[in-house]
Amino acid sequence: METGDLGRVYQAGETIVRQGEPGQCMYVIQSGQVVVVQEKAQSEVPLAVLNKGDFFGEMALFEREARSATVRALQDSRVLTVDRKTFLRRIQEDPSIAFRLVEAMSRRIRELDQEISRIKSTFEVRDFNPASKRP
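Residue numbers 1093 to 1227, in the working numbering, belong to the letters of the sequence shown in order.
Don't read these hints as lab results, they were simulated from the structure.
Any given hint could turn out to be false.
Unchecked claim - FRET-style restraints, in silico, Cβ to Cβ: (1) Arg1199 / Lys1177: 36 to 42 Å; (2) Thr1178 / Gly1145: 17 to 23 Å; (3) Ser1160 / Gln1134: 16 to 22 Å; (4) Arg1100 / Ser1160: 18 to 24 Å; (5) Ala1133 / Asp1175: 29 to 35 Å; (6) Gly1145 / Arg1181: 18 to 24 Å; (7) Gln1184 / Ser1135: 23 to 29 Å; (8) Val1101 / Arg1200: 35 to 41 Å.
Note that the structure is a prediction, hence the values are computed from the model and not measured.
Where is the CB? At the ideal position from N, CA and C, for every residue including glycine.
Put together the whole structure using the sequences plus the hints.
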């Protein structure tokens, strides 16, 4: 998504969005690097590191749910906020934006499927004990 340099600068360590907060917009990283983490009890599970050109928070454009993860700047980062109205207007101007978003979301789903498969196979191998099989 072409954006220009209109975004807000977040300092390293600064939280951009927090898990559980209402989401009404997505974000495009114009410069810098951010980390996406899921908060679990008293710890954080890192999910992804995103760089210039990547985006996050896109689910907020399609559903009015709370944020599913926290995103924090790993280094000083310029991040553009895109609300639903702006996004829909940009899609009307350039429908290829929607295709690129769906393409990126599809890639993320594929990566998640592969990770789930890897985790499941790890547990299946560990739980499988041929000696315990009885005829």
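Given the hint of 16 to 22 Å, check if Ser1160 and Gln1134 actually sit that far apart at their C-beta atoms.
Holds - the Cβ-Cβ distance for Ser1160 and Gln1134, about 19 Å, lies within 16 to 22 Å.
Whether the CB-CB distance between Arg1100 and Ser1160 falls inside 18 to 24 Å
22 Å, holds
Given a hint of 36 to 42 Å, does the C-beta separation of Arg1199 and Lys1177 actually sit inside it?
Violated - the Cβ-Cβ distance for Arg1199 and Lys1177, about 26 Å, lies outside 36 to 42 Å.
Confirm or reject the claim that Gln1184 and Ser1135 have a C-beta distance inside 23 to 29 Å.
43 Å, violated
Taking the CB of Thr1178 and the CB of Gly1145, does the distance hold inside 17 to 23 Å?
18 Å, holds
Look at the Cβ atoms of Gly1145 and Arg1181 and judge whether their distance stays inside 18 to 24 Å.
At roughly 21 Å between Cβ atoms, Arg1181 and Gly1145 fall inside 18 to 24 Å, so the hint holds.
Range first: 35 to 41 Å. Now tell me if the beta carbons of Val1101 and Arg1200 are that far apart.
26 Å, violated
Taking the beta carbons of Ala1133 and Asp1175, is their distance inside 29 to 35 Å?
32 Å, holds
Hints 1, 7, 8, counting from the list given before, are not met by this structure.
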